[in-house]
Amino acid sequence: MKILVCMKQVPQKDAPLKLNESGTWIREDVSYEVNEPDAYALEEALRQKEKHGGEVVVITSGPARAQQVLREALAKGADRAIHLEGDSFVGLDAFNTAKAFAASVKDENFDLIFTGLQSDDYGFAQTGVVLAELLGWSHATIIMQIEKTDAGIRVKRELEAGYFQFVDMPLPAVLTIQSGINKLRYATLIGIKQAKNKPMKKVMLDEVKAALGENLQKIEKLYIPQKTKKTEVIEGPPAEVAKKLVDKLRNEIHVL
Amino acid sequence: MADTILVVVEQREGKLNRVSWETLTGAQALSAETGWVLEAAVVGSGVGEVASEIAGKKVAKVFDIESPKLEAYTPDGYVAALKGFIEHQQPKLVLMPHTYQVRDFAPKLATAFGRVLISDAIGYKYEGGKPLFTRQMFQGKFAADVSFTGDAPYFATFQSGAYRGDKVEEGGSPAPVETVNVVIADGVIRNKPEAPFKEAKQAVDLTQAEIIVSVGRGIKEQKNIELAQQLATALGGEIAASRPICDSGWLPMDRQVGSSGQTVAPKLYLALGISGAIQHVVGIKGARSIVAINKDSEAPIFEIADIAVVGNLFDIVPPLIEEVKKAKGA
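Quick mapping for you: the protein sequence lines, in order, are chains A and B.
Counting with the working numbering, you get residues 1 to 256 for the letters of the first sequence.
Counting with the working numbering, you get residues 1 to 330 for the letters of the second sequence.
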């Protein structure tokens with residue numbers, strides 16, 4: 001199976017984030033990590049390759065720092081990496097991001113494309129589905145299991161409230177992968193060494209620009225959310241906090 | 001032709017998904033502010049009753065988009081049906097609830113029109129003649145007001161809990177319902193879905209719990225869950241968790257609270273070491289009181305907590321258990 005995994009680098013979960021001067025984005029001087037669902041998508045691709053043979057290619061778009069995500073993927077067992085390198089990739093909407101990905105792999109023949117179900121920074125949950133429509137492929141989202149069948153694949157979709165659903169699908173297909181589908185592996189020392197020799201192709205914005213269009217959305221303003229809720233803060237040493245809390249639980253919340 | 005807002009409601013197995021009322025409430029507000037005409041549509045097979053239910057609310061018209069091939073949900077089927085309908089009706093703005101099903105097809109629908117969907121909005125603003133949709137970014141640490149650049153139709157989805165479904169306005173008299181029979185050619189629908197099912201037998205129904213003590217990553221290790229369980233027991237409540245805890249197998253899946261798990265509405269939701277990621281918080285919007293204990297003062301959970309304790313849960317929970325026992329024994 002030839003699988004493409006679309007990965008994204010996002011600010012670290014507990015990184016302190018600050019607004020930039022114009023209030024349209026965050027200041028980029030923070031630590032970054034791989035988008036968590038994408039790590040699960042990569043792991044799933046590697047497992048499918050281990051089961052059925054084939055190739056795993058990883059792709060990301062973003063500044064030079066995003067290369068780290070690809071290096072880690074190669075160290076874990078991906079075969080090749082493609083880096084759409086440039087600062088301007090950060091501001092592209094989902095449609096343009098998907099177009100850029102599609103343009104940079106148009107001469108390849110993937111059976112499957114995985115993305116994480118959403119990113120931890122935008123939380124749009126769209127790029128994978130948009131990509132499927134652009135390519136004319138079938139797709140399914142929030143996937144917790146993938147099995148190869150004669151006719152294609154059988155996937156397990158996660159629904160709300162603890163429900164699931166099996167779906168039979170043809171290949172090629174795009175799947176957006178849910179966290180928890182598997183357990184993530186660590187890169188081994190050998191893997192890290194081998195990663196240095198694996199192909200890392202750089203694609204610049206100019207090479208895919210013809211495929212892109214104007215962004216169809218704009219963040220007019222990014223800001224710290226106004227609190228609508230009145231929050232009471234309880235302070236003090238733990239023993240005191242415990243007493244104050246119990247007081248609230250009894251007299252205000254009425255559960256004691 | 002007047003500008004219209006089209007709300008596409010969601011039905012599952014012929015029953016209206018109640019979150020659709022929330023979308024309708026938001027759409028009614030937007031309609032009142034913009035003067036755009038509000039219409040609604042339901043997609044399926046034999047869903048006339050759902051259409052009639054919608055028609056009882058304050059909308060100008062309801063469309064029942066029908067085909068036997070739409071009985072089971074598939075993204076190909078839904079997009080084929082809605083694409084033709086929207087091309088014909090030409091609404092200015094299409095609104096949907098941000099459910100897992102909508103997430104599965106709405107970006108495909110928008111792309112088919114060469115548009116980009118604004119997803120998971122928590123509200124809107126109407127400024128300078130155009131709607132802006134507010135979205136949470138960076139796991140709720142920031143909010144963004146997002147505008148559409150480019151032409152209609154515009155597509156947006158509302159987050160669960162963004163509006164109150166019980167605030168939807170009734171209609172004076174039932175709105176007209178028009179049945180639209182669509183033809184979906186063979187070969188269009190590529191996925192073959194089976195019936196949805198619940199995985200494990202649910203040992204606990206968190207939706208009925210009055211008191212919930214919930215743990216997140218801040219609990220650090222599986223063995224520490226025992227501490228949270230002691231607090232839950234002392235309070236006479238149930239233990240629950242955010243997704244990562246259940247993914248790791250530290251608590252069973254039926255203890256998960258959030259968009260993939262249960263949506264709960266207890267009297268008390270005590271969040272221990274939970275950061276407040278959006279996918280978790282959507283599951284607790286109905287809680288009467290939220291008490292959060294987290295050592296990170298910037299954690300998004302404090303945006304929605306009624307009572308906030310910035311501190312180490314391992315220092316606070318043991319004396320809290322004692323005080324609760326004292327209060328109950330007294």
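Be careful, since some hints might not be right.
[Stated by the list, open to error] Where chain A lies over chain B, by a calculated footprint (3+ residues, C-beta under 8 Å):
(1) 28-42
(2) 45-57
(3) 116-124
(4) 131-141
(5) 187-199
In case anyone wonders, no lab produced these hints; they're calculated from the structure.
Note that CB positions come from ideal geometry on N, CA and C, so glycine has one too.
Structure-based check of each hint:
Chain A is given as covering the segment 28-42 of chain B, and this is violated because 0 residues of the stretch bring a CB closer than 8 Å to a CB of that chain, at least three being needed. With a cut-off of 8 Å between beta carbons, the segment 45-57 of chain B has 0 residues touching chain A; three or more are needed, and the interface restraint is violated. Check on the segment 116-124 of chain B: 5 of its residues sit with their Cβ under 8 Å from a Cβ of chain A, so the three-residue criterion for coverage holds. Under the rule that three or more residues need a Cβ within less than 8 Å of chain A, the assignment of the segment 131-141 of chain B holds, with 8 such residues.
Only when three residues or more bring their CB closer than 8 Å to a CB of chain A does the claim for the segment 187-199 of chain B stand; here the count is 10, and the claim holds.
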